[in-house]
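> This is what each chain is made of:
There are 2 protein chains.
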Amino acid sequence: MTISIAHLGPPGTYAEQAAVFYINWLAKKTGIEAILCPYPSIAQSLQAVAFGHTQLAVVPVENSIEGSVTMTMDTLWQLDRLQIQLALVMPIVHALISCATSLDSIKTVYSHPQALAQCQGWLQEFLPSVQVIPSNSTTEALQRLEQDLTTAAIASSRAAQLYKLPILASSINDYPENCTRFWVVSQPKIEAVDDISSASASHTSLAFSVPANVPGALLKPLEVFAQLGINLSRIESRPTKRSLGEYLFFIDVESNATSAEMQSALAKLNKYIEVLKIFGSYNVLPINAFGNEVKS
Amino acid sequence: MTISIAHLGPPGTYAEQAAVFYINWLAKKTGIEAILCPYPSIAQSLQAVAFGHTQLAVVPVENSIEGSVTMTMDTLWQLDRLQIQLALVMPIVHALISCATSLDSIKTVYSHPQALAQCQGWLQEFLPSVQVIPSNSTTEALQRLEQDLTTAAIASSRAAQLYKLPILASSINDYPENCTRFWVVSQPKIEAVDDISSASASHTSLAFSVPANVPGALLKPLEVFAQLGINLSRIESRPTKRSLGEYLFFIDVESNATSAEMQSALAKLNKYIEVLKIFGSYNVLPINAFGNEVKS
Numbered sequence: 001m002t003i004s005i006a007h008l009g010p011p012g013t014y015a016e017q018a019a020v021f022y023i024n025w026l027a028k029k030t031g032i033e034a035i036l037c038p039y040p041s042i043a044q045s046l047q048a049v050a051f052g053h054t055q056l057a058v059v060p061v062e063n064s065i066e067g068s069v070t071m072t073m074d075t076l077w078q079l080d081r082l083q084i085q086l087a088l089v090m091p092i093v094h095a096l097i098s099c100a101t102s103l104d105s106i107k108t109v110y111s112h113p114q115a116l117a118q119c120q121g122w123l124q125e126f127l128p129s130v131q132v133i134p135s136n137s138t139t140e141a142l143q144r145l146e147q148d149l150t151t152a153a154i155a156s157s158r159a160a161q162l163y164k165l166p167i168l169a170s171s172i173n174d175y176p177e178n179c180t181r182f183w184v185v186s187q188p189k190i191e192a193v194d195d196i197s198s199a200s201a202s203h204t205s206l207a208f209s210v211p212a213n214v215p216g217a218l219l220k221p222l223e224v225f226a227q228l229g230i231n232l233s234r235i236e237s238r239p240t241k242r243s244l245g246e247y248l249f250f251i252d253v254e255s256n257a258t259s260a261e262m263q264s265a266l267a268k269l270n271k272y273i274e275v276l277k278i279f280g281s282y283n284v285l286p287i288n289a290f291g292n293e294v295k296s
Numbered sequence: 001m002t003i004s005i006a007h008l009g010p011p012g013t014y015a016e017q018a019a020v021f022y023i024n025w026l027a028k029k030t031g032i033e034a035i036l037c038p039y040p041s042i043a044q045s046l047q048a049v050a051f052g053h054t055q056l057a058v059v060p061v062e063n064s065i066e067g068s069v070t071m072t073m074d075t076l077w078q079l080d081r082l083q084i085q086l087a088l089v090m091p092i093v094h095a096l097i098s099c100a101t102s103l104d105s106i107k108t109v110y111s112h113p114q115a116l117a118q119c120q121g122w123l124q125e126f127l128p129s130v131q132v133i134p135s136n137s138t139t140e141a142l143q144r145l146e147q148d149l150t151t152a153a154i155a156s157s158r159a160a161q162l163y164k165l166p167i168l169a170s171s172i173n174d175y176p177e178n179c180t181r182f183w184v185v186s187q188p189k190i191e192a193v194d195d196i197s198s199a200s201a202s203h204t205s206l207a208f209s210v211p212a213n214v215p216g217a218l219l220k221p222l223e224v225f226a227q228l229g230i231n232l233s234r235i236e237s238r239p240t241k242r243s244l245g246e247y248l249f250f251i252d253v254e255s256n257a258t259s260a261e262m263q264s265a266l267a268k269l270n271k272y273i274e275v276l277k278i279f280g281s282y283n284v285l286p287i288n289a290f291g292n293e294v295k296s
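For the record, the sequence lines run as chains A and B. Numbering-wise (full-length UniProt numbering), the first sequence opens with residue 1 and increments by one. Numbering-wise (full-length UniProt numbering), the second sequence opens with residue 1 and increments by one.
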């Protein structure tokens, strides 16, 4: 059996690196082989799973410096039928990749807006007068570096190896503790994967809208979790896209959706919310920068 | 007296349009004249005020479709000394600007990532195979359109007029109810502006960190507001940038910071939070797409 995994491409992105880890982990656990399918955007990676073109997708959810990847959350809410199988937390170490011989000759730096934002202090200090140009992924601009020696790109050192390009500066992110959480998502029933993922899952992700913006509209749902001793590890608001000031709330809780306290919480929650979507229960695996599992 | 206003440039951005409205409004109220100072990023617009290069900045805070402008929030928290004077809510109507004679000849579309995201449905329907390239503002790519007839940019129709460029398609945003909230910010004391802005201000914005991620850590501060009948119009979490899973919370409340209930809330809040920053009290002005005040 071979399954396919969608991710943001071209090859060499951090999403691909997380997907490669997952492939190795899955092979070790189940013997299942998997192939990678790069897509031009995160939304298209998720749509690939929803429409059955691939079995899984690995998508970034949140970075410790730049925060939520809103495209992932909005697309999950819209598609309405994807389940999270596993979370991977991976350190992000950016490199400046260029065929230039020194920093002085660089005039333009390309990268994904998240990567540019994560290196803005370094860029201001070492390349204060370059033009910074956002691209659709960290690897999209790599192909043009060989033709233009005044350009550079910010991507992983793994991407530099993959494209056989020189690294001009390593570890250029402003905060050393830079890491990104990825989700492995599938359609609701993928048996082989479900078996290994849902057993003893530690986290559950869900999202809901509240009926009106009155004092305490968000408070009531939060009280439900607090009163049952369920810790929220994250809360994020997103616009409903209907009108300014109307929000959906995305919540990660440290509990399995099938546990007694979560069943109780979900039953009580219904009184205070409008629409509830549960994106599944899953475990969180910390992995290191080389794509190996970190044993705690 | 002439004051200067920083905004995201080049000229023709939505931030400039909001700033132009503010200039007219200010002139009518106080007789003060103002000049516009375009900056290449939102962060630099805010730094211009913090370091005294301009007296004011007009920056986007939140869009009804794409949500928070995280750059604005993160920079406000970091700079630590800016005050919000006024909020402006402006409808956003995007146009496809190009020197091409028809949609068929367009191969590349440039715009700010927020504008691209707000038109993704339209692009998928009418230009499914074009390359979409993010730029630093909606107007940055306008200059190249005349040289390359296969390119287009998404910006306001006002920008098309300003650069004397043809509009190929109007109102291309996916949701008609697309609007952005801008903040006019200054250093804490700008007397002429303070006088007109803080009187009877209806909203207050603040941000805080909580001491630990235990069940209910966010609940306690929210309960303070709810118990005093203060409505939260917005809550947004941002990473502390220290480690994944640690957040700051940005909150807008419908109350003046000098009111009795807010004074009481702020006193009680101190028990539950780590660091509190108050970004000021201000009024919210809805303006129409032509930059005129909407009378309610």
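Hints listed in this document are in silico derivations from the structure and should not be mistaken for laboratory results. Mixed in with the good hints there might be a few duds.
A pair counts as met if it fits within one copy or between any two copies, since identical chains are not told apart.
Below, simulated SDA-like cross-link-like pairs (lysine to any residue); rule was C-alpha separation at most 20 angstroms, straight line [stated by the list, open to error]:
hint, residue 1, residue 2
1, K271, N24
2, K29, P113
3, K271, L228
4, K29, N283
5, K220, I251
6, K220, M71
7, K107, P40
8, K29, K268
9, K29, Q161
10, K277, T150
11, K271, A217
12, K220, G52
13, K107, R144
14, K107, S41
Please read all numbers here as calculations on a predicted model, not as lab measurements.
> Of the hints given before, which are not true for this structure?
Numbers 1, 2, 6, 8, 9, 10, 12, in rising order.
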